[in-house]
Structures are given as structure tokens and as C-alpha cells.
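Novice: Below, each chain spelled out in residue letters.
There are 2 protein chains.
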Amino acid sequence: VVHIDKASKEIPELGEDESYTLEVASNGAKLNAPTTLGALRGLQTFCQLVENTPSGFAVPAVSIQDSPRFPWRGLMIDVGRHFIPLDVLRRNLDGMEAVKLNVFHWHLSENQGFRIESKKLPKLHQLGSDGNFYTQAEVKDLIAYASDRGIRVVPEFDMPGHSTAWLAAYPEIGSGPGPYSVERNWGVMDPAMDPTKEETYKLLGTFIGEMAKLFPDKYFHIGGDEVNGKEWGRNPKVQEFIRSHDLKNNAGLQAYFSDRVSRIVSKNDKITVGWDEILQPSAPKTIVIQSWRGPASLAQAAKQGIHGILSAGYYIDLNHSAAEHYAADPLGDAAAALTPEEQKLVLGGEATMWSEFVSPENIDSRVWPRTAAIAERLWSPQNVTDVNSMYERMYVVSRELDWLGLTHNSGYAPMLRRIANSDDASKLKILADVVEPVKGYKREVLAATTPTSLAPLNRLVDASRPESETARRFGIAVDEYLAGTNKAQNEIELRRWLTIWRDNDAALQPLVSKSFLLVEVAPLSTQLSALAASGLDSLDYLSHGEHPADAWKAQQQGLMDQAKTPGHAQVLIMVAPAVQKLVEAAGR
Amino acid sequence: VVHIDKASKEIPELGEDESYTLEVASNGAKLNAPTTLGALRGLQTFCQLVENTPSGFAVPAVSIQDSPRFPWRGLMIDVGRHFIPLDVLRRNLDGMEAVKLNVFHWHLSENQGFRIESKKLPKLHQLGSDGNFYTQAEVKDLIAYASDRGIRVVPEFDMPGHSTAWLAAYPEIGSGPGPYSVERNWGVMDPAMDPTKEETYKLLGTFIGEMAKLFPDKYFHIGGDEVNGKEWGRNPKVQEFIRSHDLKNNAGLQAYFSDRVSRIVSKNDKITVGWDEILQPSAPKTIVIQSWRGPASLAQAAKQGIHGILSAGYYIDLNHSAAEHYAADPLGDAAAALTPEEQKLVLGGEATMWSEFVSPENIDSRVWPRTAAIAERLWSPQNVTDVNSMYERMYVVSRELDWLGLTHNSGYAPMLRRIANSDDASKLKILADVVEPVKGYKREVLAATTPTSLAPLNRLVDASRPESETARRFGIAVDEYLAGTNKAQNEIELRRWLTIWRDNDAALQPLVSKSFLLVEVAPLSTQLSALAASGLDSLDYLSHGEHPADAWKAQQQGLMDQAKTPGHAQVLIMVAPAVQKLVEAAGR
Chain A
3 VVHIDKASKE
13 IPELGEDESY
23 TLEVASNGAK
33 LNAPTTLGAL
43 RGLQTFCQLV
53 ENTPSGFAVP
63 AVSIQDSPRF
73 PWRGLMIDVG
83 RHFIPLDVLR
93 RNLDGMEAVK
103 LNVFHWHLSE
113 NQGFRIESKK
123 LPKLHQLGSD
133 GNFYTQAEVK
143 DLIAYASDRG
153 IRVVPEFDMP
163 GHSTAWLAAY
173 PEIGSGPGPY
183 SVERNWGVMD
193 PAMDPTKEET
203 YKLLGTFIGE
213 MAKLFPDKYF
223 HIGGDEVNGK
233 EWGRNPKVQE
243 FIRSHDLKNN
253 AGLQAYFSDR
263 VSRIVSKNDK
273 ITVGWDEILQ
283 PSAPKTIVIQ
293 SWRGPASLAQ
303 AAKQGIHGIL
313 SAGYYIDLNH
323 SAAEHYAADP
333 LGDAAAALTP
343 EEQKLVLGGE
353 ATMWSEFVSP
363 ENIDSRVWPR
373 TAAIAERLWS
383 PQNVTDVNSM
393 YERMYVVSRE
403 LDWLGLTHNS
413 GYAPMLRRIA
423 NSDDASKLKI
433 LADVVEPVKG
443 YKREVLAATT
453 PTSLAPLNRL
463 VDASRPESET
473 ARRFGIAVDE
483 YLAGTNKAQN
493 EIELRRWLTI
503 WRDNDAALQP
513 LVSKSFLLVE
523 VAPLSTQLSA
533 LAASGLDSLD
543 YLSHGEHPAD
553 AWKAQQQGLM
563 DQAKTPGHAQ
573 VLIMVAPAVQ
583 KLVEAAGR
Chain B
3 VVHIDKASKE
13 IPELGEDESY
23 TLEVASNGAK
33 LNAPTTLGAL
43 RGLQTFCQLV
53 ENTPSGFAVP
63 AVSIQDSPRF
73 PWRGLMIDVG
83 RHFIPLDVLR
93 RNLDGMEAVK
103 LNVFHWHLSE
113 NQGFRIESKK
123 LPKLHQLGSD
133 GNFYTQAEVK
143 DLIAYASDRG
153 IRVVPEFDMP
163 GHSTAWLAAY
173 PEIGSGPGPY
183 SVERNWGVMD
193 PAMDPTKEET
203 YKLLGTFIGE
213 MAKLFPDKYF
223 HIGGDEVNGK
233 EWGRNPKVQE
243 FIRSHDLKNN
253 AGLQAYFSDR
263 VSRIVSKNDK
273 ITVGWDEILQ
283 PSAPKTIVIQ
293 SWRGPASLAQ
303 AAKQGIHGIL
313 SAGYYIDLNH
323 SAAEHYAADP
333 LGDAAAALTP
343 EEQKLVLGGE
353 ATMWSEFVSP
363 ENIDSRVWPR
373 TAAIAERLWS
383 PQNVTDVNSM
393 YERMYVVSRE
403 LDWLGLTHNS
413 GYAPMLRRIA
423 NSDDASKLKI
433 LADVVEPVKG
443 YKREVLAATT
453 PTSLAPLNRL
463 VDASRPESET
473 ARRFGIAVDE
483 YLAGTNKAQN
493 EIELRRWLTI
503 WRDNDAALQP
513 LVSKSFLLVE
523 VAPLSTQLSA
533 LAASGLDSLD
543 YLSHGEHPAD
553 AWKAQQQGLM
563 DQAKTPGHAQ
573 VLIMVAPAVQ
583 KLVEAAGR
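So the sequence lines, in the order shown, correspond to chains A and B. Counting in our numbering, the first sequence runs from 3 upward without gaps. Counting in our numbering, the second sequence runs from 3 upward without gaps.
Simulated from the structure, these hints should not be mistaken for lab results. Heads up, none of these hints are tricks.
A pair counts as met if it fits within one copy or between any two copies, since identical chains are not told apart.
Computed list of lysine-lysine pairs in DSS-like fashion (alpha-carbon distance at most 25 Å, straight line):
#1 K121 with K142
#2 K142 with K215
#3 K11 with K32
#4 K122 with K142
#5 K250 with K232
#6 K204 with K122
#7 K204 with K269
#8 K199 with K121
Please work from the sequences and hints to get the whole structure.
Specialist: The structure is reproduced here in C-alpha cells:
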């Protein structure tokens with residue numbers, strides 16, 4: 003029985019009541035919520051409680067009073083660098099609903115693409131998108147789809163930097179001589195809008211006015227990040243403007259620009275959101291800072307009376323572990339020292355799916371299941387921090403997301419089959435299960451050839467998961483074994499794994515002649531085999547109580563060093579650190 | 003280099019030129035087509051030719067001149083019995099494009115649901131759909147999506163039978179006393195429109211006029227199948243109308259109705275399509291007959307100068323093998339005897355995905371990959387009939403469809419995990435890989451409780467594939483072994499399979515206590531184990547040249563008989579016939 007006091011707004015708004023109570027007893031289940039939004043959240047909890055039992059589906063008897071810790075719990079998807087089709091966005095909105103996220107931040111413009119139809123300035127999508135953009139009708143549909151799931155849609159149009167696609171359409175608002183064309187490379191680029199021209203604000207006024215009508219949400223994101231200042235520095239008129247307006251430097255010029263654009267946003271009855279860079283001493287109290295730098299920025303903003311959202315720590319594109327994301331807290335570090343009143347200015351956080359290295363085929367595997375851990379951080383009490391328990395739940399949620407149609411798990415096998423060029427990718431999977439893409443921004447650094455937006459994402463690094471569950475479990479088993487916990491059982495388990503990895507290389511190598519995509523994989527396979535042999539040797543020494551010779555130790559050290567140096571394949575063998583622990587224990 | 007003589011129409015039409023030539027040589031690839039439609043088809047061929055080689059992707063040197071055998075190559079999806087969301091339809095359109103199908107026949111109304119928004123008669127979707135319908139904007143989008151892929155969209159509104167959902171909205175056009183409500187059960191139902199009331203034609207005129215504008219295709223499907231005549235028989239006014247208009251019987255009344263509706267369709271500048279039943283001696287030459295009965299109907303129609311499309315033989319909901327579908331030919335049987343001129347009236351065929359037992363989760367697995375075999379039948383020359391070669395290609399296409407995002411393969415594991423209630427569904431998979439849902443209409447007959455439109459489709463029968471590739475390969479190996487071909491190698495292979503199946507039951511049974519969805523699976527597993535033991539015994543007898551005792555023979559016969567009697571689980575163990583061959587050979 004669902005009881006709702008009153009309907010929420012048709013389009014959800016920040017700060018609406020999302021609380022609910024759920025009572026399940028042998029005579030039925032009662033869900034009470036002050037709003038339809040609260041009932042939506044409660045229904046998701048109810049779904050999570052459903053269990054398969056010998057006699058049918060069942061829900062345990064529970065009594066739950068629940069409400070979110072933060073009102074802003076978001077997922078940003080960058081559709082600029084790689085265009086992400088609507089079907090993919092919709093299934094990710096389904097996933098967001100399941101984990102009670104409530105903001106879809108739609109990063110719609112980038113150097114590599116301008117992804118929305120503008121009826122007033124049609125050159126933006128015509129010249130800035132390679133034909134891959136959303137029509138306004140499609141945008142309306144997506145907003146309705148999100149609203150039905152209690153999810154706000156906040157659009158972002160990045161300016162004055164990250165704006166090459168804008169300038170490909172309207173070079174007259176650029177700071178450089180042009181001509182501009184849609185960018186194919188990754189990185190922080192020089193093109194920037196010219197904050198000194200009235201024409202710039204006129205065009206932005208037209209555009210923001212149009213978009214403010216299309217997007218019903220009260221918040222409007224203007225980006226503002228990573229202006230490298232090179233075009234401004236090279237443009238004498240811009241430098242003269244800085245001097246004549248007493249703006250001191252490029253940062254001063256950007257503050258001037260942000261202020262002008264914020265006024266346009268306000269005039270359209272919206273609240274400006276921007277990245278750290280728009281936080282200047284002169285910034286108006288009405289803006290919201292989204293921080294890629296960390297809680298210190300949020301603390302600084304709060305002390306100025308300015309709202310903030312945390313994204314540092316939630317950069318899911320960088321292939322860090324769920325545990326690392328789970329540890330990041332919007333009220334952690336410097337923000338922990340804020341007064342309770344100041345803390346209220348911290349609205350929540352957002353996972354950010356930047357899209358240099360994702361396509362419709364693998365994006366789900368970068369978002370899920372790790373974003374479920376971030377969603378829990380933003381919903382649940384701050385003191386819920388048990389990592390092992392989080393992982394246990396995260397993998398249950400991951401299966402539930404499979405049934406919703408998310409492809410983070412189901413997309414894995416087809417990608418491996420393409421790489422293996424065979425219906426049987428089982429040997430490749432043994433290797434792929436224990437590797438992860440390199441972390442942070444190393445992928446670009448390690449590339450054999452500079453990756454571009456046109457490069458196919460069909461390699462092992464694209465198929466392998468951001469976090470290897472096998473490696474995590476192996477690591478736990480090694481730690482337990484070395485600590486003497488369930489020693490015999492863990493030794494059996496470790497030997498089973500290590501034997502599979504050691505022997506897999508001989509089975510995998512003959513396949514390399516069948517697929518060019520395996521060429522870069524072959525040396526990794528050999529490396530894994532050697533590491534596994536090293537682990538097995540270590541277990542032998544440890545179980546016999548024997549001590550290895552120095553030559554053996556030196557040889558193993560070489561293997562470990564090699565494993566820490568990812569090559570052009572741009573993946574890491576994630577069982578290496580645990581094997582190293584075994585080797586060190588054996589050598590002691 | 004793509005060369006196109008002229009653009010095809012923006013919305014594809016029946017009979018447009020789809021031919022192309024493709025020349026691939028070491029210095030490049032040339033695709034020439036008289037139309038953009040032909041170029042689309044040629045590009046799909048080019049994509050199919052791409053190979054993974056040790057040095058990169060490559061295309062073999064070929065010289066292809068290609069054009070379709072039939073101009074109407076369709077897939078019908080019934081969205082009435084189970085609503086199928088747009089995302090699912092779109093990915094199936096992607097699949098259709100890949101195999102060069104060119105008609106999406108959208109079966110939009112059924113007893114169980116009226117699935118399209120009518121602005122003129124809004125009660126149709128409001129009262130007839132349980133809220134699951136497509137808006138007109140969504141329909142326009144889907145037509146555009148299909149057109150971009152060279153696919154026509156033909157809507158079907160079934161009448162005068164299969165019309166309970168119509169009558170739930172407008173009982174005044176029904177032949178019975180009502181009240182009507184949306185049907186939850188399966189089968190041929192009594193409700194039928196009243197062909198004797200002018201009100202009926204007035205309402206249909208309004209509706210057809212609205213839909214004729216929405217759907218640009220020249221063809222308009224009015225259903226016409228399976229009127230059981232019970233409501234007409236019980237209604238004295240209807241019977242009196244038959245007498246007074248000299249219509250003889252219900253068939254005469256339906257001919258009268260079809261004629262009236264066809265005139266409305268013609269007035270809207272469309273051509274009427276209907277199922278076999280609308281073919282009456284008095285039928286106008288302008289209609290098109292879609293035959294669920296067989297080529298004889300098409301032959302009969304052609305002799306009356308009437309166009310036809312074959313669907314008998316292509317009922318993919320009935321879980322028959324690809325080989326059976328592949329053998330069905332629109333110009334087979336009685337149609338083979340038609341004159342060349344008459345044969346031209348046979349436009350092609352359509353696979354029909356009736357949706358009693360499909361959901362968004364498993365529909366792809368019922369459509370693909372078998373529909374690829376039907377698509378080939380409709381495109382390629384009649385004399386391309388090698389079944390083994392077809393299977394080889396079909397499984398290659400199946401993998402390509404994975405990469406397009408179809409879920410016929412990727413959806414299998416999540417469904418098995420739900421049934422097993424475990425991350426490790428490997429034991430269940432061993433069984434599931436060798437079973438198929440019962441064939442034809444047996445599922446309803448064998449159900450423990452009458453299945454309805456509200457029953458969840460989460461059982462083994464829903465997850466298992468319409469055609470077991472493992473069973474097919476096992477069958478081939480048995481045939482080869484018994485024929486003495488590669489005898490030793492085949493015996494090893496057969497023993498490997500049989501041993502896995504024999505031993506799997508002991509591993510699977512302990513899992514049954516974890517999931518109520520496994521309860522009906524448990525006896526099947528035991529049956530498979532016994533069959534496998536029987537097969538292994540047979541191989542022993544055969545390899546030792548010994549003869550089994552009569553008691554053994556009788557016992558095995560009991561097992562075989564049991565295997566042919568599917569129970570409430572509604573699946574068949576598909577390796578049973580091949581095991582029976584071994585048993586019989588051993589007993590000889």
C-alpha cells in the first residue's frame with residue numbers, strides 16, 4: 003500500500019522532500035511518503051529488498067525511515083568528446099533512478115562537439131557537431147524521461163574555454179585569428195571566447211535565452227574550466243582590455259567574463275553553476291561551484307556564502323577503484339571544519355563521466371557499478387564507510403542493473419570476442435579479468451600514437467574494467483594468507499588462481515596470429531604468466547619454510563618492476579602488487 | 003569510393019531499386035548504386051566483409067553484383083500482446099538494416115492492448131493500453147529512424163476481430179453486449195466489431211483518416227484474421243443483417259466488412275493489406291494478402307490477380323529451427339506452379355514476432371539470429387539452400403548483431419543468473435544450452451496455470467533459446483559417428499559432452515533450494531543426466547562391439563519416451579533424439 007501526502011512538481015526541483023518510510027510485515031507492505039518523489043525512492047528500496055526464495059519472490063520484514071544526506075546527487079555525462087546516443091542516456095537514467103541519483107548533468111558542448119540543436123544559432127550544431135547532435139524535441143523527451151524518474155536535468159555549455167566547437171560555427175567571438183575547426187585531439191586547447199567583445203555577450207544572450215526556455219531546471223551550468231590563456235595572451239586587444247579595465251591578468255578577465263555571463267543567466271531567471279575557476283573573490287553569492295579540485299574549494303566557497311557540489315574524487319573516467327570514490331566526501335578534508343551553517347551550502351556531489359575514451363559500447367562499464375558507491379556516499383549517513391560491505395552491496399546492485407538493461411556486464415564478452423576474433427574468448431578473458439586501464443591521465447601519455455576522437459575504442463584497454471573484481475579478491479586472499487587467516491583454504495585458492503594464470507599464456511599465444519588486436523596483448527599475457535609462476539614459487543618457499551636464493555629474489559624484483567611499467571597496451575596487471583607481497587614474504 | 007546515381011525518396015517505397023555493385027581490389031573499394039537505398043545495402047555487405055587479420059582490419063578482394071529477389075522483406079513485431087518499448091524497436095531496426103530487411107510491420111492493436119495515441123479518438127489509447135502506448139511524436143521519430151535505414155513502416159490495426167482493446171474504448175461498435183475490458187488471456191477471443199452498424203464505419207473512417215496521415219507508407223494493414231464468429235452468431239441483429247443483405251454466413255459478413263473498410267483505406271489513398279481471411283472471391287484486385295496459411299493462399303490470390311506476402315513458415319514466435327524457416331519459400335509449394343507473370347504478384351515475405359511470450363528482455367533472442375536466415379531467403383537466389391552453410395553464416399551475423407547492440411546473446415546470462423539466484427549460473431547454463439521452448443502453440447497447453455499477459459517471463463522456457471546450437475552440433479557429431487565419419491574424433495567429442503551432462507545434475511541439484519525458479523528445472527536436469535548416461539553406455543556397447551540386454555533396451559526406451567513428453571517446465575531436451583540414435587544403434 004502506497005500512501006503519498008501530495009504530488010511532487012512535474013519537473014523535480016532541488017531540495018524537494020525525498021523521504022519515505024517503508025514497513026514490511028507478514029500482512030503486507032506499507033510505503034508512506036510526503037511526496038511522489040519520496041515514494042519513487044521508497045519503491046527502489048522495495049525493489050532492492052526483493053529476494054528469490056525456495057517458495058517464490060519475497061521481501062524481508064523491515065522498518066525503514068529514509069531520507070537523503072545531500073539534495074544534489076548527480077551523474078555528469080560528457081557527450082561532447084564522444085557523442086552518446088539517447089538510448090544510451092535513457093538506460094543510464096534508469097540506472098540513476100535505481101541508485102536514487104537525482105541530477106543528470108548534461109555536458110553538451112566541448113572542443114570536439116556542440117551537441118544540441120539551436121534554432122536561433124543553427125550554425126552551432128550544423129558546423130560544430132559532425133552531424134551528431136540532439137534535436138530540441140529529443141531534449142524535451144529526455145527531460146520528460148528523467149522527470150518521470152525524479153531526476154533533474156542540468157545542461158552545461160562550457161565557456162569561455164573548451165569552446166572550439168562554438169568557434170567553428172562563430173569564429174567572430176573567438177580570441178584568436180581562426181579559422182577554427184572541430185577538434186579531434188584531446189587535452190586543454192588554446193581556443194577561447196573573446197570576453198572583450200560585446201558581440202560575444204550578444205550571441206551568448208541569444209543562446210542562453212533559447213536554452214533557458216528549453217531546460218526547465220533552475221540551474222544552468224556555464225563551465226568555466228581550464229582556460230589556458232594562450233589566445234588571450236597572444237591577442238593585443240585582449241591584453242589592452244585587461245589593462246584599461248584594471249583586470250590585472252587573465253584570471254581577472256575570466257572573472258569579468260563569468261560575471262557578465264552570470265548576469266545573462268540571472269536575467270533568464272536561472273542560477274549559474276560553474277567549475278572551480280568561476281569562484282573569484284568578487285563572485286556573487288547566487289552561484290554554485292562544482293569542484294574538480296576538492297573539498298577545500300567547497301570550503302572556500304562556503305566561507306564566501308556560496309553553494310558547492312563536489313566532483314573531485316568522483317572522476318569515474320580515471321579508472322580509480324570504487325573504494326577510492328567511496329572515501330571522497332563532500333564534507334571531508336577542509337569542508338569538515340566548516341560550521342553547520344556553512345556545511346549546508348555544500349549541496350552534494352556528482353560523478354563525472356568525461357568521454358575521451360568511452361563509446362556507446364563501453365560507457366556503461368565506466369559508469370557502473372562504481373557510480374552506485376558514489377550514489378550511496380551522497381545518500382547515506384557519513385558514518386557508513388565499511389568498504390567490504392560496500393563492495394558486497396555494489397556487486398548485488400550491479401546484477402540488478404543488468405536486469406534493467408545496462409550493458410556494463412553484458413558488453414564485456416562481445417568486446418573480448420572482437421579482440422580475440424573468435425567465438426571463444428575464454429583465454430583472453432582470463433587475462434582481461436585481472437587487468438585494468440591505466441589510471442588518471444596516463445592513457446594519453448602512454449599511447450604509441452596520439453589518440454584522437456576518431457580512434458576506434460576496440461582494444462583491451464577499452465574492454466577491461468576500471469576495477470578488477472578478481473584482482474581485488476585475490477588481494478584479499480593474499481592478505482589473509484599472509485596474516486595466517488584461513489591459511490590452508492586461502493593457499494588452495496591462491497594456487498588455483500596462480501596456476502590458471504601461469505598456464506593461460508601457452509593457450510593464448512597461438513591465438514595472436516588470428517587478430518591484430520591481440521598483438522599488444524601477447525606480452526601482457528607472458529608477463530602475467532611469469533608473475534603467477536613467481537607467486538607459486540613464493541607459496542612453495544613459504545609452505546616448506548625454505549628461503550630463496552638471492553638470484554631468485556633479484557629475478558622476481560625485475561618482474562615486479564616490469565609489471566609496474568605499463569606499455570603501449572595501457573593496462574595494468576592488477577594482481578602484481580599482491581604477488582609482490584608473496585614474493586617479499588618468501589624472501590624475508 | 004561510393005557513387006550513387008540519384009537519391010532515393012526520403013521515405014522508402016515498395017519496389018525502389020536496391021541494387022549495387024561492389025568492387026574491392028588492392029587499390030581501393032568502389033561501391034556503385036543507382037540509388038542511395040542500393041548504396042545502403044552495399045555498405046552492409048561491405049561491413050560484413052570486414053575481417054580481423056594479423057595486420058589490421060581488411061576486406062577481401064571481391065566483385066559483387068547484387069540485388070534482392072523480392073521487394074518486400076519484412077519483420078512484423080506485435081506490440082499489442084506485450085508492449086515493446088521504442089529503444090527495443092530501434093535496436094531491432096538496426097538488426098533489420100544489417101540483414102537488408104526493408105519492411106517493419108508494426109502490429110499496433112490487439113485484444114491485449116491498443117498501442118498508439120489517437121488524437122481524434124483518444125479513448126483508444128487511454129482505455130485500451132494500460133498506459134503503454136506510443137505518442138504520435140514517437141511514431142514519427144520511429145518512422146524517420148526506419149527511413150534512414152531504408153526500411154518502410156507498415157502499420158496494422160487488427161479488425162474486426164482481435165479488437166477487444168478497441169471495444170474497451172468504444173463498446174458501441176462491438177457486436178456483443180459488453181462491457182469490454184482489455185484482455186489478459188491468450189487465444190482467439192469472441193469480441194468483434196459490428197459490421198452492420200454505420201457507426202462502426204464512421205469511427206473507422208475517422209481513425210483510418212488520422213493514421214493514414216501519420217504513416218507515410220502506401221500500404222495499410224487492416225488485419226482481418228481469426229474472427230471466431232461467436233459474437234456475430236449470438237447477435238440477432240447481425241444475423242438478420244446477413245439474411246437481409248444476402249451475405250450467406252459470417253464469412254460473407256466479413257467480406258462485406260473488409261470491402262467497406264478497404265474503400266475507406268482507398269479513399270485515404272492507401273492500399274489495403276490483410277491476412278488470408280480477407281481474400282474472398284469478391285475481393286478487389288488492389289489488396290495485398292499476407293498469408294499465415296501458406297503459399298497455396300498466395301497462389302490462389304495470384305490467380306485472382308492479387309498481390310501476396312508469405313508469413314507461413316516464418317512464425318518466429320513458434321520456436322522452430324532456422325533450417326525450417328530457411329526452407330519456406332514464398333514461391334514454394336503451390337506458388338511454384340504459377341506463371342512467371344503470376345509469380346510477380348508474390349511480393350516477398352515477413353517474419354512474424356507474435357508477442358504472447360516475449361518481453362523487452364528476451365524478444366531479441368526470439369527474433370535473432372533466425373530472422374537473418376529468413377532475410378537471406380527473401381534476398382538471395384532461390385537456389386541458395388545449403389543449410390550447413392546457412393548456419394555457418396548465421397552465427398557470424400549473430401556476433402555482428404551483438405556489436406550493434408542487439409541483446410539476443412547478451413541477455414542470456416543475466417536471465418540465467420536470475421533463475422539460478424546466483425552470480426554463478428554455469429551449471430544451469432549447461433542444461434539451458436541444450437533445451438528449447440516447446441514448439442508451436444504447445445506452451446499454453448502445457449502450462450500448469452493458464453498464462454496471462456501479466457505473468458512474468460522469467461523462467462527457463464523464457465531464457466532458453468528457440469534453437470540450441472549445442473544440440474544441433476551434437477546431432478551432427480552423432481550422425482557422423484554413426485556413419486563412420488571421423489569416428490574416433492567424434493567419439494571423443496561425444497563422450498566429452500555426455501560426461502558433462504551426466505555429471506552436471508549432481509552439481510545443479512543442491513542449488514535448487516536457493517531459487518523457486520529452479521524447482522521446475524530440477525527434474526529436467528535429472529532427465530538430461532540419465533539421457534547422457536544412456537548415451538555413454540551406448541558408446542561403450544558400440545566401441546566394444548557388445549550387445550546390450552533387453553532389460554537395458556527397455557529401460558532406455560522409457561527414458562526416451564519421457565524426454566519426448568515435456569512437462570510444466572515447457573521445454574524440450576534437444577539432445578534426446580540424437581541420444582536415441584546412439585541407443586538404437588547400440589541395440590541393433
